[in-house]
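Engineer: If you read the sequences in order, they're chains A and B. If you read the first sequence in numbering that gives the first Met the number 0, its first letter stands for residue 0, the second for the next number, and so on. If you read the second sequence in numbering that gives the first Met the number 0, its first letter stands for residue 0, the second for the next number, and so on.
Hints listed in this document are in silico derivations from the structure and should not be mistaken for laboratory results. Treat the hints loosely; a few may be bogus.
Covered by chain A, according to a simulated footprint, are these stretches of chain B (three or more residues, beta-carbon under 8 Å) [what the hints assert, rightly or not]:
{"hint": "1", "region": "48–62"}
{"hint": "2", "region": "395–406"}
{"hint": "3", "region": "471–481"}
With the Cβ distance kept under 10 Å, some of the chain A side facing chain B (calculated, not the full set) [what the hints assert, rightly or not]:
{"hint": "4", "residue": "L26"}
{"hint": "5", "residue": "P29"}
{"hint": "6", "residue": "G47"}
{"hint": "7", "residue": "G50"}
{"hint": "8", "residue": "L70"}
{"hint": "9", "residue": "S108"}
Ideal placement from N, C-alpha and C gives every residue a C-beta, glycine not left out.
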Amino acid sequence: MFEGVVKIFVDSVVNYFQSTSDKNVKLGSPYLIENTDFTSFDFTGMIGISGPYRGMVYFTAPKVLLTHLLLSLGEKETSKENMLDLVGEVANTLSGNARAELGQDFMISVPIMIEGSTSNIHLPTALRSYVIPIYWKAYSAAVVVCLDNT
Amino acid sequence: MLINFFGKYKSIVVSIALFLLLDASVLIMNFYISFEISEDASGINLAGRQRMLSQRMVKSLVNINYYLNDAEKQQQALDELKSTVGLFDLTLKAFSNGTATIAGDGTDITLPRVDDAEGREAISQAEAIWVDYKYQLDSVLAVKTPEELVSVLPAALQYAESNNLELLFLMNALTGALENVASSKATLLRLIQTIGILLAIVNFFIIMFHFLKQLRESDEKLESARQETVEILDTVNEGLFLLDENLNIGSQYSKKMSSMFGLNEFSGLSFSQVLEKTVTAKDVETAQRFIRLLYRDDINSELIVDLNPLREIQVNISGDDAAYVEKYFSFNFTRVYQDNKVKDILVTVKDISKEVTLTKELEYSRQQSQKQMEVLTEILHINPQTMKIFLDNSFKSYDRVNELLKKPAKSNASLKDKLNQIAREIHSFKGEATTVGLSGFESLAHELEDSIAKLKDSRELTGDDFLPLVVEFESLIRHTELTRSLVNKLTAFSSELSFNDTATGGYREHDQWHALVKTVSERMGKKVDLVVSGFDIDLPREVAKVVNDVVIQCIRNAVVHGIEDPQTRLAEDKLERGYIDLSLKKLVDGSLELSVKDDGQGIDYEAIRSKALAMGRWSAVEVNSWDYKKLLPLIFHPGFSTAGSVTSDAGRGVGMDVIKEKVKSLQGKIKVGSRRGVNTKISVVLPQSLTENLAA
Chain A
0 MFEGVVKIFV DSVVNYFQST SDKNVKLGSP YLIENTDFTS FDFTGMIGIS GPYRGMVYFT
60 APKVLLTHLL LSLGEKETSK ENMLDLVGEV ANTLSGNARA ELGQDFMISV PIMIEGSTSN
120 IHLPTALRSY VIPIYWKAYS AAVVVCLDNT
Chain B
0 MLINFFGKYK SIVVSIALFL LLDASVLIMN FYISFEISED ASGINLAGRQ RMLSQRMVKS
60 LVNINYYLND AEKQQQALDE LKSTVGLFDL TLKAFSNGTA TIAGDGTDIT LPRVDDAEGR
120 EAISQAEAIW VDYKYQLDSV LAVKTPEELV SVLPAALQYA ESNNLELLFL MNALTGALEN
180 VASSKATLLR LIQTIGILLA IVNFFIIMFH FLKQLRESDE KLESARQETV EILDTVNEGL
240 FLLDENLNIG SQYSKKMSSM FGLNEFSGLS FSQVLEKTVT AKDVETAQRF IRLLYRDDIN
300 SELIVDLNPL REIQVNISGD DAAYVEKYFS FNFTRVYQDN KVKDILVTVK DISKEVTLTK
360 ELEYSRQQSQ KQMEVLTEIL HINPQTMKIF LDNSFKSYDR VNELLKKPAK SNASLKDKLN
420 QIAREIHSFK GEATTVGLSG FESLAHELED SIAKLKDSRE LTGDDFLPLV VEFESLIRHT
480 ELTRSLVNKL TAFSSELSFN DTATGGYREH DQWHALVKTV SERMGKKVDL VVSGFDIDLP
540 REVAKVVNDV VIQCIRNAVV HGIEDPQTRL AEDKLERGYI DLSLKKLVDG SLELSVKDDG
600 QGIDYEAIRS KALAMGRWSA VEVNSWDYKK LLPLIFHPGF STAGSVTSDA GRGVGMDVIK
660 EKVKSLQGKI KVGSRRGVNT KISVVLPQSL TENLAA
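Taking the hints into account, I'd like the entire structure generated from these sequences.
Structural biologist: Written out as structure tokens, the structure reads:
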């Protein structure tokens with residue numbers, strides 16, 4: 000079950016990348032991080048989850064990846080706002096897919112977007128997060144799943 | 000019935016009815032008296048006419064006498080006298096008896112009989128005079144010839160002269176008397192009107208004061224009731240509201256609702272609008288169905304109370320940072336009846352988060368205790384120091400696995416390589432768990448190895464294939480954390496459990512090695528003795544760890560692959576019990592030699608050759624051409640094992656390559672010597688510098 004839930008999020012992001020002009024997206028092997036700090040790249044889109052599993056899921060990516068992603072989507076304006084919009088859109092995809100697949104038993108929040116690493120995000124420290132690296136072009140982003148599955 | 004209908008307004012209705020009755024009676028009296036007064040006015044007029052008639056009679060008599068020689072004028076006077084006498088007589092009778100007479104306008108009019116004493120007196124006196132007067136006048140009117148007239152006229156004139164004034168006076172008195180009656184009636188009318196109006200005013204004021212007071216009182220009651228309701232709704236620590244038939248929320252609800260549901264305005268919102276942001280769609284739907292049941296009068300609410308899906312519901316209030324604040328609410332639904340029909344549903348919502356959290360915590364700690372008990376029974380027989388080393392090593396091992404996972408790898412080959420490295424790490428961890436005698440860890444590691452084995456079979460690896468592995472890996476970490484917390488607790492209880500953290504303090508793993516040999520040999524149905532010698536050298540922990548790993552791997556291999564089962568041994572003229580000679584000694588050049596020697600079947604080179612062929616990495620011609628020097632190194636090749644099937648003790652084939660790498664990492668060397676059917680000896684030589692470091 001837990002694997003299935005994580006897979007929904009990973010697949011959403013992979014599908015998103017596959018909708019771009021460069022469909023060659025690869026997944027790295029997942030690894031664990033301690034939730035002592037909010038680990039992220041430059042821009043992050045995040046959704047909250049509650050229900051049988053509680054916590055957060057976020058997509059985080061470096062500026063350079065987002066710049067190329069914007070360009071490949073035909074967007075020439077690579078401003079900070081557009082990057083935030085972009086991670087927001089990915090988070091929206093996460094949220095949408097999660098709603099469609101888990102909607103009956105889960106509560107899925109609307110996405111929020113963050114620039115940089117912020118101390119405002121409080122991850123449940125008792126948990127470890129799963130980081131699933133995403134390789135696209137020469138860059139890497141990640142989906143981070145921080146869910147209490149005890 | 001009607002009184003009941005008016006209810007509390009009964010007295011005001013009675014008062015107003017009384018007021019109208021009073022007004023009506025005044026009006027009736029007014030009509031009646033006015034009518035009488037108008038009748039009296041006619042009487043007064045006619046009484047006045049009698050005065051005039053009495054004088055006209057005298058004037059006519061005088062004219063008759065005056066116009067004795069003028070027949071025509073005399074006749075005119077006679078006619079006038081006749082009509083005057085008739086009218087006077089008729090009117091006097093009318094006054095006396097209440098009969099009809101002729102009014103001034105020539106119409107008939109019936110006068111009321113005069114009953115007033117003064118008037119009656121005047122009438123009877125006048126009648127007394129009028130009897131004779133009328134006789135005299137009638138005789139004047141009855142004459143046929145002038146001569147007759149001359150004979151009767153003087154008497155009539157005489158009578159008129161002597162009684163005329165008296166008659167005038169009496170008619171005057173009658174008029175006065177009638178006027179008095181009328182005036183007293185008018186006075187009465189005024190009095191009645193005055194009293195009526197006064198009563199009406201009094202009644203009005205009574206109504207005013209009484210009912211204003213009542214109104215003010217009931218207003219005050221209403222206001223204070225409203226105030227109480229507001230106070231209750233403002234201070235009550237629960238969510239309170241009414242739901243109508245369409246499941247909309249009423250206009251009044253408790254203040255607590257805002258903080259409970261994170262909304263400011265509830266009035267008119269539907270129940271589902273309030274719930275949908277906090278409760279899953281499925282629960283909202285079930286709740287609506289339940290409330291609709293409550294609106295059905297034919298269903299006993301006691302019977303369906305257990306169906307309430309919101310009796311203990313997890314709600315999620317979304318916070319500022321996308322995360323949800325998790326709470327537990329208890330919704331209670333009570334029917335509100337009006338005229339025996341369910342009008343509304345009163346909903347009370349209570350925040351039971353504390354209770355639920357407490358129960359959950361209790362349940363969690365109960366489960367934890369249970370798990371800890373299981374772990375406790377597993378670790379109790381293990382030397383605390385060994386346990387601590389094991390845990391430290393475990394976490395280091397996990398870190399290495401996680402680092403391996405983290406290492407970027409995109410291609411199939413690099414992922415396969417990553418998988419192999421992880422497999423080796425886990426296998427080595429499992430070996431350690433077996434040695435220490437932690438079957439729980441051992442089985443978790445074994446499951447992990449199963450998952451790894453499945454992945455190894457897949458042709459093309461992608462990153463997300465590792466996900467099940469990572470999930471299992473994470474639960475292994477949790478199990479280790481649980482064990483560590485338990486060990487820490489136990490350590491705190493006993494000062495004896497404190498231990499020297501700087502060095503191993505000599506080899507105490509002997510017990511574990513014996514235990515390992517015992518466990519594995521029993522599982523394999525073999526009989527093996529372990530002889531340990533020379534392990535009294537102090538070693539840096541790092542070296543001790545490698546020595547331990549090598550020992551575990553080698554004695555396990557010796558039991559699994561080397562020593563034969565008792566029947567085979569007996570058949571080959573060997574002792575039933577096999578033995579493993581394990582020794583550690585310092586060589587003359589200061590280097591360290593660890594050797595593991597068993598009296599088993601020796602290395603089966605043909606088995607290695609078959610396995611090499613089965614692996615398919617080399618051509619059959621090539622493999623078949625290899626001699627034992629070429630075949631032997633294969634046992635250190637990753638993924639190589641000659642055991643027929645996978646068990647906890649062998650068959651994973653990641654043991655020897657781990658040993659080789661560890662030894663290599665300490666600049667050590669491994670030598671393998673074997674005689675087929677006689678023995679196998681594996682010796683590891685570690686350089687001198689390693690032990691010197693400790694001495695320094």
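Engineer: Hint by hint, say whether it matches the structure.
Structural biologist: For each hint, the structure was consulted:
Counting residues of the region 48–62 of chain B whose beta carbon lies closer than 8 Å to any beta carbon of chain A gives 0, which falls short of the minimum of three for the stated coverage. Requiring three or more residues with a Cβ within less than 8 Å of a Cβ of chain A, the coverage given for the region 395–406 of chain B holds, as 3 such residues are present. Coverage of the region 471–481 of chain B by chain A holds in this model, with 3 residues showing a Cβ closer than 8 Å to a Cβ of that chain against a need of three. Hint on A/L26 holds. Least Cβ distance to chain B is approximately 3 Å, under the 10 Å limit.
At a threshold of 10 Å, the smallest CB-CB gap from A/P29 to chain B is about 5 Å, leaving the interface hint in force. Proximity of A/G47 to chain B holds as hinted, the smallest CB-CB distance being about 4 Å (cut-off 10 Å). Given the 10 Å rule on beta carbons, the hint for A/G50 holds: about 6 Å separates it from the nearest Cβ of chain B. At its closest, the beta carbon of A/L70 sits 22 Å from a beta carbon of chain B; the interface hint therefore is violated under the 10 Å criterion.
Hint status for A/S108 relative to chain B: holds, with the closest Cβ pair at about 5 Å, below 10 Å.
Comparing the model with each numbered hint stated earlier shows that hints 1 and 8 do not hold.
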